[in-house]
Each structure stands twice: as C-alpha cells, then as structure tokens.
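Asker: Listed below, chain by chain, are the residues.
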Amino acid sequence: MSAHSSTKSPLKGYFAVWIALLIGTGLTVYAATLDLAPYNAAVALGIATIKATLVALFFMHVWHASERLTKLVVIAALFFLLLLLGLTMSDYATRLWS
Amino acid sequence: MANAIPQPTIPQAERENYLNKEYGVWSWLLTTDHKRIALLYLLSITFFFFIGGFFALLIRLELLTPAGDLVQADTYNKLFTMHGMVMIFFFLIPSIPAVLGNFLVPLMIGAKDLAFPRINLLSWYLYIIGGVIMLHCMLTGGVDTGWTFYAPFSTSFTNTKIVEAGIAIFIAGFSSILTGLNFVVTIHRMRAPGMTWSRLPLFIWAHYATSIIQLLGTPVVAVTILLVAAERALHLGIFDPKLGGDPLLFQHLFWFYSHPAVYIMILPSMGVVTEIIACFSRKRIFGYHFVAFSSIAIAVFGFLVWAHHMFVAGISVYSALVFSFLSYAVALPSAIKVFNWTATLYKGSIHYDAPMLYAFGFLGLFTIGGLTGLFLSALGINVHVTDTYFVVAHFHYIMVGGAVMGYLGGMHFWWPKISGRLYPEGWARLAALIVFIGFNLTFFPQFLLGYMGMPRRYYDYSHMPEFQVLNVLSTAGATILGVGYLLPMVYFLWSMRYGKPASDNPWNAAGLEWKTTSPPPTFNFDEEPVVTWEAYNYEELDAPHKEEVPVAG
Amino acid sequence: MQDNANANASSFTAVHDHHGEAHAAHNPALLHHFAEPQQQRDAASLGMWVFLATEVMFFGGLFCAYLIYRRWYFGDFAAASKSIDMSLGATNTAVLICSSLTVVLAVWAAQTARKALLVGMLILTMLFGLTFLGIKGIEYKDKFEEHHVPGASFSFDHVEIPGHPGQFANPRHAQMFFSLYFVMTGLHALHMIIGLGIFTWLLIMAWKGRFTPEWHTPVEIGGLYWHFVDIVWIYLFPLLYLIDRHP
Numbered sequence: 005m006s007a008h009s010s011t012k013s014p015l016k017g018y019f020a021v022w023i024a025l026l027i028g029t030g031l032t033v034y035a036a037t038l039d040l041a042p043y044n045a046a047v048a049l050g051i052a053t054i055k056a057t058l059v060a061l062f063f064m065h066v067w068h069a070s071e072r073l074t075k076l077v078v079i080a081a082l083f084f085l086l087l088l089l090g091l092t093m094s095d096y097a098t099r100l101w102s
Numbered sequence: 012m013a014n015a016i017p018q019p020t021i022p023q024a025e026r027e028n029y030l031n032k033e034y035g036v037w038s039w040l041l042t043t044d045h046k047r048i049a050l051l052y053l054l055s056i057t058f059f060f061f062i063g064g065f066f067a068l069l070i071r072l073e074l075l076t077p078a079g080d081l082v083q084a085d086t087y088n089k090l091f092t093m094h095g096m097v098m099i100f101f102f103l104i105p106s107i108p109a110v111l112g113n114f115l116v117p118l119m120i121g122a123k124d125l126a127f128p129r130i131n132l133l134s135w136y137l138y139i140i141g142g143v144i145m146l147h148c149m150l151t152g153g154v155d156t157g158w159t160f161y162a163p164f165s166t167s168f169t170n171t172k173i174v175e176a177g178i179a180i181f182i183a184g185f186s187s188i189l190t191g192l193n194f195v196v197t198i199h200r201m202r203a204p205g206m207t208w209s210r211l212p213l214f215i216w217a218h219y220a221t222s223i224i225q226l227l228g229t230p231v232v233a234v235t236i237l238l239v240a241a242e243r244a245l246h247l248g249i250f251d252p253k254l255g256g257d258p259l260l261f262q263h264l265f266w267f268y269s270h271p272a273v274y275i276m277i278l279p280s281m282g283v284v285t286e287i288i289a290c291f292s293r294k295r296i297f298g299y300h301f302v303a304f305s306s307i308a309i310a311v312f313g314f315l316v317w318a319h320h321m322f323v324a325g326i327s328v329y330s331a332l333v334f335s336f337l338s339y340a341v342a343l344p345s346a347i348k349v350f351n352w353t354a355t356l357y358k359g360s361i362h363y364d365a366p367m368l369y370a371f372g373f374l375g376l377f378t379i380g381g382l383t384g385l386f387l388s389a390l391g392i393n394v395h396v397t398d399t400y401f402v403v404a405h406f407h408y409i410m411v412g413g414a415v416m417g418y419l420g421g422m423h424f425w426w427p428k429i430s431g432r433l434y435p436e437g438w439a440r441l442a443a444l445i446v447f448i449g450f451n452l453t454f455f456p457q458f459l460l461g462y463m464g465m466p467r468r469y470y471d472y473s474h475m476p477e478f479q480v481l482n483v484l485s486t487a488g489a490t491i492l493g494v495g496y497l498l499p500m501v502y503f504l505w506s507m508r509y510g511k512p513a514s515d516n517p518w519n520a521a522g523l524e525w526k527t528t529s530p531p532p533t534f535n536f537d538e539e540p541v542v543t544w545e546a547y548n549y550e551e552l553d554a555p556h557k558e559e560v561p562v563a564g
Numbered sequence: 262m263q264d265n266a267n268a269n270a271s272s273f274t275a276v277h278d279h280h281g282e283a284h285a286a287h288n289p290a291l292l293h294h295f296a297e298p299q300q301q302r303d304a305a306s307l308g309m310w311v312f313l314a315t316e317v318m319f320f321g322g323l324f325c326a327y328l329i330y331r332r333w334y335f336g337d338f339a340a341a342s343k344s345i346d347m348s349l350g351a352t353n354t355a356v357l358i359c360s361s362l363t364v365v366l367a368v369w370a371a372q373t374a375r376k377a378l379l380v381g382m383l384i385l386t387m388l389f390g391l392t393f394l395g396i397k398g399i400e401y402k403d404k405f406e407e408h409h410v411p412g413a414s415f416s417f418d419h420v421e422i423p424g425h426p427g428q429f430a431n432p433r434h435a436q437m438f439f440s441l442y443f444v445m446t447g448l449h450a451l452h453m454i455i456g457l458g459i460f461t462w463l464l465i466m467a468w469k470g471r472f473t474p475e476w477h478t479p480v481e482i483g484g485l486y487w488h489f490v491d492i493v494w495i496y497l498f499p500l501l502y503l504i505d506r507h508p
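Protein chains in written order, with the working numbering: chain A, 5 to 102; chain B, 12 to 564; chain C, 262 to 508.
Careful, some of the hints might be misleading.
[As the list claims (entries may be wrong)] If you want the footprint, here are the derived chain B segments under chain C, 3+ residues with CB under 8 Å: (1) 184 to 195; (2) 222 to 234; (3) 256 to 270.
[To be verified] Simulated crosslink set (PhoX-like; lysine-lysine; CA at most 25 Å straight-line): (4) C/Lys404 with B/Lys253; (5) B/Lys253 with C/Lys343; (6) B/Lys511 with B/Lys32; (7) C/Lys376 with A/Lys16.
[Claimed, not checked] Just the calculated beta-carbon pair ranges, DEER-fashion: (8) C/Gly381 with A/Ala24: 17 to 27 Å; (9) C/Glu475 with B/Gly157: 47 to 57 Å; (10) C/Lys402 with B/Asp85: 41 to 51 Å.
Note that these hints are calculated values from the structure, not bench results.
C-beta: ideal position from N, C-alpha, C; glycine also.
The whole structure should be built from the sequences, with the hints applied where relevant.
Answerer: Right, dumping it as structure tokens:
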C-alpha cells in the first residue's frame with residue numbers, strides 16, 4: 005500500500021470514478037420516481053452496490069491491492085454479512101408457510 | 012538436524028527477564044509487553060472468576076431444598092443472571108486468549124511482541140472499565156433477565172439496571188474485538204523467518220480461528236445491546252411489540268453472536284489440549300492439517316447454527332429444520348479433533364503429569380458435552396428438554412468440563428515458562444483429580460434432572476420434591492469443585508516464592524516458546540529465531556544424540 | 262518475512278539487524294517490535310481492513326433489523342420515508358462522494374510528496390464532513406419539529422400510504438421506521454464525527470511535515486476508514502429515503 009512506482013498517474017481514474025458515483029446518485033434518485041414496482045428496491049440496491057464496489061475497488065485500492073489477503077478480508081466480511089441477513093430472513097420468509 | 016538448546020550460563024535468578032526488568036506499579040499499568048499484559052489479565056479474570064463462583068455457590072445453596080427459602084424469587088433471578096454474565100463475558104471469553112494467548116502467541120511464532128502492543132494494553136483497560144461498571148451494576152441492584160436479556164422483558168418490563176449492564180458488556184466486547192484484531196494481524200505479519208503456516212503450533216491455529224469469531228460476531232451483539240439501551244433510555248422501540256416489533260428479532264441478533272461465542276470459549280482450550288497431548292504422548296499430533304482446518308471450520312460453521320437456541324421460540328419450522336441440520340454439521344470438525352487427539356495418544360509414550368490429567372479430563376467431558384449438544388439439536392428432543400437442567404448440564408460440560416479444564420491444563424503446562432518456577436506436581440495431580448470428581452458430581456445429576464423435567468432458572472421446585480436428592484448431590488459436587496479450583500491458586504502463589512526454578516524447557520516440549528529462558532526476556536528471544544523444522548518434532552527432541560550413535564557397517 | 266525459510270543452517274541462526282546499512286537513519290516512526298518499515302506498514306494496513314470488517318458486521322445488525330421490518334410494514338415505511346427530505350439526503354450523498362475524492366487525492370499527494378496539496382485536500386475533506394453533519398442537523402431539527410422523533414410526543418396521523426389513496430399509515434409502524442432511521446443515521450453520524458477527529462490529527466501531522474512518500478500510513482488507513490463511512494451512507498440513502506418516491 006506504499007508509494008507505487010506505477011508509471012501511469014491514477015488521477016484520471018479517480019476523477020472518472022467520482023463522476024460515475026455522482027451519476028449513479030442521480031440515477032438512483034430518478035429511478036425512485038419511476039414506477040418499477042416490484043423492482044424499485046432491486047434497482048436502488050443494485051446501483052448502490054455498484055457505487056460501493058467502485059469506492060472499494062478504486063478509492064480503497066482493492067483492485068490494485070498487492071495482496072490477496074486484502075481481498076480475502078473484504079470477501080469474508082461480505083460473506084458473514086450475507087449470512088446474517090440471509091439466514092435470519094430464512095426464518096421470516098418461511099414463517100407463514102404451511 | 013541437531014536441536015542444540017542453548018544452556019543458560021548465568022544463573023536463572025540473576026538474569027534479566029520480563030518480570031524483573033522493571034519494578035513499580037506504573038511499569039505494570041503502562042506496560043506494552045504482551046507478557047505483562049497477560050499477567051494483568053490473569054489477575055483480573057481470576058478476580059471475576061471468584062465473583063461468578065460466588066453467585067454459583069448461592070444458587071447451589073438455594074437449590075439444596077425444594078422450597079425457595081434462601082433468597083426471594085427476584086433475587087434468585089439476579090443470582091443466575093449475574094453468574095452467567097460475569098462468567099461468560101468477564102471470565103470465559105477472555106480467559107485463554109487474553110492470558111495464555113497474549114503470553115504465548117508472539118513467543119510461539121518467534122516475534123518480539125504482538126503487532127499492536129498499545130492496542131493490547133487498551134484491550135485490558137477496556138476490560139477493566141467494563142468490569143468496574145459491571146461490578147457497580149451488581150452492587151446497586153443488578154439485572155434479573157438471565158444473561159440472555161431477552162426482549163421485551165429486558166426492554167419494556169424489568170426495572171433492573173439493563174442499560175448499565177449493557178454498557179459494561181459493550182465495552183468488554185470491544186476488548187475482545189481488539190484482542191482478536193491483534194492476533195489476526197500478528198499471526199499474518201509477525202511470524203519469524205521459516206515459520207510457515209504449516210509449521211505453526213496448533214495453539215496458534217486455534218487462536219486464529221477464535222479471533223475470526225471475536226471479530227465478526229461481537230459487533231452484532233454490540234449493536235444489539237445498543238438497540239436495547241436505546242429502547243430503554245430513548246424509547247426508540249425496535250423490539251417493542253406495541254410498535255409492531257418482533258421479540259424474535261432480538262433473539263436472532265443476540266444468538267448470532269452468542270452461539271459463535273461458545274466457540275470463542277472452546278477453541279482456545281482445544282488448542283491448549285493439542286499442545287499438551289502432543290507433549291505428554293511424545294508424538295507429533297496425528298493429522299496436523301485436519302486439526303488446523305477443523306479449527307477454521309468450527310469458526311465458520313459456528314456462525315451457521317444460532318437459531319438452535321430458538322427452536323421453541325416461534326421461528327418457522329422450515330428454518331428450524333435447516334438450523335437443526337447445520338447444528339449436526341458443526342459437530343463434525345469437533346469430532347475430527349477428538350479422533351485426532353485419540354490417534355495421537357495411540358502408541359504414544361504417555362506421561363501423567365498434571366497438564367495431561369486435565370487434557371484427559373477435557374477429552375472425556377468435552378465429548379459428553381458435545382454429544383449432548385446433538386441431542387439438543389434434534390427438534391423432537393429439544394421440545395422436551397429446552398429450558399430444563401439438561402441444557403444447563405450440556406453447556407457446563409463444555410464450558411467447565413471443556414474450556415476451564417483446558418485453561419487449567421494450560422496454566423500448569425506453561426507455568427514454568429510464565430513464572431520461572433515449577434509448581435508442586437503432587438498437589439497439582441491431586442487438584443486435577445478433585446476437579447474431575449467435583450465436576451462430574453455437580454453436573455451429571457443435572458442431566459438427569461433436566462431429562463426428568465426440572466426447569467432451569469427456578470428457585471423453588473417444591474412441586475417436584477423428588478428432585479431434591481440429585482440437587483443435593485449437585486451442590487455437594489460444587490463444593491468439591493470449589494476446593495479443586497482453590498488449590499492451584501494456592502500452590503501457584505506458593506511456587507512463585509518457594510517453587511524450584513524452572514529450566515528453559517522442563518517438559519522437553521516442542522515449540523519456540525521453550526527455546527527461550529523461563530521466564531523469557533522482555534523481547535522474548537536473544538536472537539531472532541529462524542525456523543527450519545516442522546512442528547511437534549518430538550522424535551528429534553527425544554533422540555538428540557541420534558547422530559552420534561555409530562552406525563554399524 | 263519468509264526470507265530465510267529454506268536456510269539449511271542449524272536451528273538457531275543469528276539474523277543481523279537490517280537497520281544500520283540500508284536506511285541511513287531509519288524513520289523514527291519505526292516501532293521497535295517490527296523488523297522493518299514494510300512489516301509495520303503491512304500490519305497497520307491489515308489491521309485497518311480487519312477493523313472495517315468488524316464495522317461491516319456492526320452496521321449489518323442494523324440493516325438486518327431494517328430489512329425485516331421494511332418487509333413487514335412496507336406501506337407504513339414508505340409513508341414515513343416520503344416524509345424525510347430527499348433533496349437533503351441526495352445532497353449529502355453527493356457531499357460524501359466528493360469527500361471520498363478529496364481523501365483519495367490526499368493519499369496521492371502524500372505518496373508524491375505534495376505537502377500543500379495534502380494539507381488542502383485534508384481540509385477540504387473535513388469541510389465536506391462538516392457540511393454533511395450540518396445538513397444532518399437540519400434534517401434532525403425538521404423531524405423534531407414535525408414530531409417524528411420516537412417517544413412520548415411522536416405523532417404520525419393521517420399520512421397516506423404512497424400508491425394507496427385513502428389508506429393511512431399505521432403510526433406505530435411509522436414510529437418503528439423513525440426509530441431505525443435515528444439509530445442508523447445517528448450511528449453513521451457518530452462515525453463521521455470520529456472520522457473528523459482522526460482527520461484533525463492527520464491535518465496537524467501533515468502540517469508539521471511528518472508524512473513522506475516512504476511513510477504516510479496514517480493517511481492511507483485514515484482514508485480507508487473514511488471511505489467505509491461513505492459506503493455505509495451509499496446504502497443508507499436509498500434504503501431510508503427512496504422507498505417509494507413515485508410522484
């Protein structure tokens with residue numbers, strides 16, 4: 005994570021991500037005003053996930069991370085988060101079955 | 012290759028080590044030496060062990076007679092609550108990691124200290140602050156919800172000091188998180204040259220797995236405590252049924268941590284037992300990689316089973332089926348360990364020193380406790396024995412028969428390294444025997460009581476007076492167990508003054524910690540070790556002069 | 262760290278201290294228990310990533326509670342969501358995105374020895390952070406005035422459920438939304454405040470010229486923390502503000 009001796013300046017990439025994030029925000033707001041039911045939530049969360057991924061990969065340098073370990077930590081955190089959400093939902097989603 | 016252990020040329024007592032390097036209260040309270048911090052933890056958790064034990068004593072006294080005649084019902088509720096909270100959050104969860112882990116992790120990997128020594132000290136201070144708040148809470152009324160502080164009783168109906176207890180546990184939880192963080196980073200970054208993952212002692216693998224659980228589980232209970240406190244103090248009702256809240260949501264969030272928490276309590280103990288069994292069988296652990304990966308498997312699988320605490324609480328039956336199946340799966344890696352320990356013992360050269368007696372006790376008692384967990388995972392049986400003494404017996408077999416036995420075994424095994432003194436072996440074996448007898452007498456009757464229907468958390472069982480005999484046996488056992496626990500405290504203290512000085516490696520054990528002095532110098536090794544041998548190289552340790560034997564022909 | 266992994270030397274080999282030769286005067290920031298600066302950097306970086314993983318789980322519990330109740334009380338939650346100011350929320354989202362840019366530029370400035378830019382970007386980041394908190398304060402004030410703060414004085418009567426004219430939201434379930442809203446955004450704001458504290462310290466260190474291309478680890482790991490707080494908000498915004506915004 006120290007000073008890369010990369011020959012290309014990363015600045016253009018940073019500004020590109022920044023613009024993409026702002027566009028994504030605008031898109032989310034616009035999409036919320038459309039009637040896409042029942043996909044409104046999916047669209048909003050989908051755009052949010054793309055934005056979060058951009059921040060993680062490029063602003064937090066995970067894409068160019070020198071170690072697999074960094075990526076492993078990120079994946080592990082996401083895995084356990086999804087476990088919490090998913091297995092808990094498995095109870096709520098199936099309570100009214102039978 | 013020859014394993015020449017450098018013999019000390021300066022008399023032990025005159026050599027500088029981490030204990031005599033500096034004197035004075037501040038040299039201890041402001042230390043960043045992981046070994047001193049380990050001892051600070053040792054004192055603190057022993058103190059809380061006494062407090063938790065005191066509550067246990069009162070509980071057992073009350074249960075001597077069917078009538079509720081020692082304390083009132085409300086008081087009894089507080090007794091079992093405080094017993095649970097203190098023992099779990101302020102004794103068991105820190106115990107091995109904060110004492111033995113802190114002391115040994117850097118030594119075993121060949122490092123000078125943990126990755127973040129100041130955060131290590133902060134961990135201890137957070138533990139102390141949490142402990143002081145908990146003490147204050149107990150002295151000014153305590154909590155009566157059970158250590159599980161279920162909503163909506165804890166959020167809407169009880170008048171006891173939930174917020175204060177919650178704050179105490181929240182702070183202690185961060186102590187746990189920071190310890191886990193320190194261990195993970197240390198094990199990844201600070202291993203000595205040549206110390207590959209496959210050469211690590213299995214104690215390290217166990218602590219690595221434990222740290223994963225501490226890191227990923229504790230935050231969830233922390234935020235749950237926050238929500239309970241917010242509900243009580245700020246009327247932000249998340250679990251309040253009056254607002255449409257679901258009390259079961261509390262249980263999901265609570266048990267998401269609290270089930271993996273039991274693996275925080277047992278995994279380090281398994282690591283200790285592995286080291287002891289290898290040393291006192293004079294054999295390399297059978298199936299090193301199986302044991303290593305089973306530790307990680309336990310950590311991961313442990314997060315998949317939490318709702319087995321909620322089978323009768325109202326979750327969907329389909330969800331219960333899934334969690335029941337997963338609960339059987341989580342037993343597999345533990346079973347793998349038991350098989351590997353057994354295979355290690357087979358054809359080993361068994362030595363019955365005190366640490367090994369504790370390890371044997373662990374093997375038997377953990378197996379019983381673990382198997383009864385499978386009974387509980389079966390939905391049909393669970394309906395019958397939930398909230399009875401069967402559950403109480405099950406978890407005490409694992410936590411006391413398992414975790415505490417491992418802790419005591421570890422304290423004996425590494426005492427020479429920690430203190431530079433040998434404990435009296437005769438007394439130690441006696442104490443181990445007393446603990447084993449006392450433990451079984453206390454908790455085996457509870458399996459029977461539970462199966463016959465005695466509910467837990469009841470102070471009065473006068474409608475079932477036939478349970479008294481087993482309860483009396485249990486209380487008698489508890490007294491014996493108490494004696495067994497007091498003995499080591501006495502002779503360990505005795506040994507610090509009068510015990511025989513220990514050599515670098517009194518057990519002739521494998522592991523980097525035995526290659527430095529007893530006690531170690533502040534920076535652990537006089538020279539940075541370079542590891543060129545596999546773990547548990549007992550063959551070489553027991554035959555150091557093999558190369559000198561002339562080969563015939 | 263695996264340099265001598267396969268050395269065939271005897272078990273105990275003295276490893277010479279590296280410090281003397283290669284680095285003329287090694288960075289005073291190198292702590293004694295580390296063998297070399299790279300190890301210290303890697304430890305700090307891994308430490309921050311692992312800490313962020315714990316934060317994911319910390320907020321995760323709240324997201325879990327939110328998702329469950331939102332599913333149960335969708336209409337009531339939609340009505341409550343509509344009553345919070347979307348333009349303020351969107352503005353705050355843009356503010357945080359800009360602050361993430363200034364953070365990443367600050368790190369680049371530290372990597373390339375541009376002290377003035379580093380200081381400037383750190384100050385800008387903090388200004389964005391303060392703006393965020395200011396806007397949040399306005400939102401909270403609005404909610405207070407509208408009696409949408411859960412508790413004894415909460416009221417949410419006769420608010421139509423979006424898309425269901427004539428049907429009114431259940432005030433009790435709306436109160437549930439606001440409980441979650443205040444806990445989630447409040448916790449996020451607390452993390453923001455802590456971030457500002459961290460960046461104040463970074464600013465002071467940068468001003469004094471302590472950061473060099475060889476050592477600017479605090480800027481990097483402070484940046485990681487800040488980005489994480491931004492990511493949490495990236496999810497909070499659509500979940501809380503945009504449940505149903507059909508006109």
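Asker: Does each hint hold? Answer for all of them.
Answerer: Cross-check of the supplied hints:
1. 184 to 195: holds (count 3)
2. 222 to 234: holds (count 8)
3. 256 to 270: Since three or more residues must qualify, the claim that chain C covers the region 256 to 270 of chain B holds, with 6 doing so at under 8 Å.
4. C/Lys404 with B/Lys253: This hinted pair holds, its Cα atoms lying about 22 Å apart.
5. B/Lys253 with C/Lys343: Status holds; Cα separation ~23 Å.
6. B/Lys511 with B/Lys32: Cα-Cα ~21 Å, so holds.
7. C/Lys376 with A/Lys16: With a Cα-Cα distance of about 20 Å, the restraint between C/Lys376 and A/Lys16 holds, given a limit of 25 Å.
8. C/Gly381 with A/Ala24: 17 to 27 Å: holds, 24 Å
9. C/Glu475 with B/Gly157: 47 to 57 Å: holds, 55 Å
10. C/Lys402 with B/Asp85: 41 to 51 Å: For C/Lys402 and B/Asp85 the Cβ distance comes to about 43 Å; the hint holds.
When the structure is compared with the earlier hints, no violation turns up for any of them.
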